[in-house]
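Protein chains in written order, with the numbering used here: chain R, 30 to 169; chain S, 9 to 123.
None of these hints come from the bench; they were simulated from the model. Treat each hint with caution, since some may be false.
Taking lysine to aspartate or glutamate and the DMTMM-like style, the derived pairs with C-alpha atoms no more than 20 Å apart in a straight line are [as the list claims (entries may be wrong)]: (1) Lys-54/R x Glu-114/S; (2) Lys-54/R x Glu-71/R; (3) Lys-73/S x Glu-35/S; (4) Lys-47/S x Glu-95/S; (5) Lys-73/S x Glu-13/S; (6) Lys-47/S x Asp-57/S; (7) Lys-73/S x Asp-110/S; (8) Lys-54/R x Glu-66/R; (9) Lys-73/S x Glu-137/R; (10) Lys-73/S x Asp-133/R; (11) Lys-73/S x Asp-131/R; (12) Lys-47/S x Asp-110/S.
Just so you know, these numbers come straight off a predicted model, no measurement behind them.
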Amino acid sequence: MNSVITLTLPGEIVFTRFASQTALKAAEHFISTCSGENVSWEFPHAFELAVSEAFTNAVRYSERHSTPTQPVIITFILGQQRLTVTVRDTNPAFTTETPLPDIDSFPERGFGLHIIRSVMDMVSYRRKNGSNIISMSKQL
Amino acid sequence: MTITETLNGSITIVAINGTLDAASAPELLMSPAINSASKTIVIDLENADFLDSSGLGALVATSRKKRQMNALTILCCMSPRIRRVFEITNAYRLFPIFDERDAAVEYASNQTSRT
C-alpha cells in the first residue's frame with residue numbers, strides 16, 4: 030500500500046528550503062523503506078531539486094500576477110519502487126511549454142521546468158478545480 | 009547562507025556557505041565583492057550544500073555584471089550535486105571552473121595581470 034505524506038506551506042519564498050529539504054528527507058525515507066541498496070545520491074537530490082524548482086515557480090508566479098499569497102500543497106506518494114511528488118497551488122493556469130533559454134545570452138531564469146524534466150522520469154501538469162498540479166515521479 | 013569575502017591581492021574570494029536558492033540568491037547579488045568595480049572574483053562553492061536554478065541565476069547575473077566591468081567570475085570547488093545543475097543547463101560554458109581554490113586564484117591572478 031502506498032504511503033502518503035502531505036505538507037502545506039505558505040506560498041512565500043522563505044519556505045523554499047523547507048520544501049526542498051522535506052523532499053530530500055522523504056526520498057531518503059523512501060529509499061530506506063524500499064531496502065534501496067547502492068542507490069545513487071542522484072535519486073534524493075532529484076527530488077530536492079525538483080521540489081525547490083516547483084515551489085519557487087508557484088510562489089514567483091503568484092507574485093508576478095499579484096495574487097494574494099496562497100498555500101502550496103506538496104504531496105509525496107511512496108509507491109512500489111516509485112516515488113511521486115505533486116506540487117499544487119491555486120494560481121492562474123500557466124503553460125509548461127517554455128523553451129530552454131539560450132545559455133549564451135546569460136539568462137537569469139527560465140531553467141526550472143527544464144531541470145525538473147531532466148532529473149525526473151515522468152512529469153505532468155494538469156489544471157483541476159482551480160488548481161495547478163505538477164506531478165513528478167521517479168522509479169528507484 | 010553566509011558569504012565570506014577575502015581579499016587576495018587584486019582578487020576577491022567569495023566563499024558561500026549553505027544554500028543558494030530563491031530565498032538566498034538576492035543576498036549574493038547585494039554582496040560588496042559582486043558590486044565593486046572591475047574586481048575579478050573567485051566564488052568558492054566548497055561549503056555550498058545546495059543550488060537550484062535561482063541560485064544558478066544569481067551566479068549568471070554575477071558573471072554578466074562582472075563582464076560589463078571587464079572582470080571575471082571564476083568558480084571553484086563544486087560538489088557533484090552543484091555540478092549537476094551546471095551540466096543540465098550548460099551553464100558551465102559561462103564560467104572558468106576549477107576543482108581547487110588555489111588553481112582558481114592562480115588563473116584569476118594571471119588573467120588580471122594581463123589586463
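Comparing the hints with the structure gives:
1. Lys-54/R x Glu-114/S: violated (39 Å)
2. Lys-54/R x Glu-71/R: holds (13 Å)
3. Lys-73/S x Glu-35/S: Holds, at about 15 Å.
4. Lys-47/S x Glu-95/S: With Cα atoms ~27 Å apart, Lys-47/S and Glu-95/S exceed 20 Å; violated.
5. Lys-73/S x Glu-13/S: holds (18 Å)
6. Lys-47/S x Asp-57/S: Outside the cut-off at roughly 26 Å; violated.
7. Lys-73/S x Asp-110/S: violated (24 Å)
8. Lys-54/R x Glu-66/R: Roughly 17 Å separates the two Cα atoms, so the pair holds.
9. Lys-73/S x Glu-137/R: Cα-Cα ~12 Å, so holds.
10. Lys-73/S x Asp-133/R: Satisfied, since the Cα-Cα distance of roughly 14 Å is no more than 20 Å.
11. Lys-73/S x Asp-131/R: holds (18 Å)
12. Lys-47/S x Asp-110/S: holds (18 Å)
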